[in-house]
Amino acid sequence: MNVGPRSGPLNGGRILETVEEKEERSAAGPSVIDAGRELEVLRAEIEKNRGIFDSARLVVGHELSRPLTSINGYLDLLETRFEAESGEKEKRYFSRIHEAVAELEGLVESFIHMLRFDSPAEGAADFDEVDLYEMIEKLKGKYSGYMGGVDNLIARDFQPVLVRRSCLELVLDNLISNALKHGRSSEPVRVAAEVKEDRRAVAKRDMLMIRVTDSGRGIPEREIKEIFDPFYRGNAGRESHGLGLGLALVRNVMNIMMGNIHIESEQGKGTVATVCLPIPEDKPGPFERIG
Numbered sequence: 001m002n003v004g005p006r007s008g009p010l011n012g013g014r015i016l017e018t019v020e021e022k023e024e025r026s027a028a029g030p031s032v033i034d035a036g037r038e039l040e041v042l043r044a045e046i047e048k049n050r051g052i053f054d055s056a057r058l059v060v061g062h063e064l065s066r067p068l069t070s071i072n073g074y075l076d077l078l079e080t081r082f083e084a085e086s087g088e089k090e091k092r093y094f095s096r097i098h099e100a101v102a103e104l105e106g107l108v109e110s111f112i113h114m115l116r117f118d119s120p121a122e123g124a125a126d127f128d129e130v131d132l133y134e135m136i137e138k139l140k141g142k143y144s145g146y147m148g149g150v151d152n153l154i155a156r157d158f159q160p161v162l163v164r165r166s167c168l169e170l171v172l173d174n175l176i177s178n179a180l181k182h183g184r185s186s187e188p189v190r191v192a193a194e195v196k197e198d199r200r201a202v203a204k205r206d207m208l209m210i211r212v213t214d215s216g217r218g219i220p221e222r223e224i225k226e227i228f229d230p231f232y233r234g235n236a237g238r239e240s241h242g243l244g245l246g247l248a249l250v251r252n253v254m255n256i257m258m259g260n261i262h263i264e265s266e267q268g269k270g271t272v273a274t275v276c277l278p279i280p281e282d283k284p285g286p287f288e289r290i291g
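When the letters of the sequence shown are read in order and numbered with my numbering, they come out as residues 1 to 291.
None of these hints come from the bench; they were simulated from the model.
Treat the hints with caution; some may be incorrect.
The calculated BS3-like cross-link candidates involving lysine-lysine, where the alpha carbons are at most 25 Å apart (straight line), are [unchecked claim]: (1) Lys138 to Lys89; (2) Lys225 to Lys138; (3) Lys142 to Lys196; (4) Lys225 to Lys181; (5) Lys91 to Lys138; (6) Lys140 to Lys225; (7) Lys225 to Lys269; (8) Lys181 to Lys140.
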């Protein structure tokens, strides 16, 4: 065995090691020091990307929202100025312009959410005891103009759950909107919820499960894996307005909440979107990543 001195002050006090020990250390992979350096590089890269996303969000929010606000303001002035002289055709034109501006504002808002880089401190502040029945009732009112409407199957006494309110509302808003657009106009979109124990988790925890069901044409199996991609619209989506950002936004927000979404669909019968979220027992601290 090729052995160097095992002990004793040599070369300025350094302790030499055997050749075998050197080989074992090399085979063991990166040292703790190397791992620490890699962690610092990764942390710096994350901070760099955070800055890029924050800057992009500010640019999109300010530079696109400001002219849209001006358009809305001048449009209201024109509509008021010529109200007495406007016939049905002119009023219809004004209405279409308002709808187009509202659609652009919705797209800007979607881009801002898509560019959102999650901040743990902001996330913790957003946790709240949410009354799901009331949340769905609010969204139900928003879409009351649809013939089928929304059927809220959540019980009035459903126990409030601790979740990120704004994130969950955004997810459900997008799912209900999609279901109404692609479902049968005469059939309501049904929303149901339940709390189940997650038996796969190491520690006991509850999961919130919300199902949004429509009775529409369904989604072809080959498209289900692609519907969460940004700008993907599918055959049914091409018949409606929008850029195909809604479900991509839903997936991003679900990742922020440490949850998941599952789509089941049968052509000619409809689609079920199931949202699964972990429910923390207590409100997380500013740097905890739970839900």
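Against the structure, the hints come out as follows:
{"no.": "1", "hint": "Lys138 to Lys89", "verdict": "violated, 33 Å"}
{"no.": "2", "hint": "Lys225 to Lys138", "verdict": "violated, 30 Å"}
{"no.": "3", "hint": "Lys142 to Lys196", "verdict": "violated, 29 Å"}
{"no.": "4", "hint": "Lys225 to Lys181", "verdict": "holds, 20 Å"}
{"no.": "5", "hint": "Lys91 to Lys138", "verdict": "violated, 29 Å"}
{"no.": "6", "hint": "Lys140 to Lys225", "verdict": "violated, 28 Å"}
{"no.": "7", "hint": "Lys225 to Lys269", "verdict": "holds, 19 Å"}
{"no.": "8", "hint": "Lys181 to Lys140", "verdict": "holds, 14 Å"}
The structure fails to meet hints 1, 2, 3, 5, 6 from the earlier list, while all remaining hints are met.
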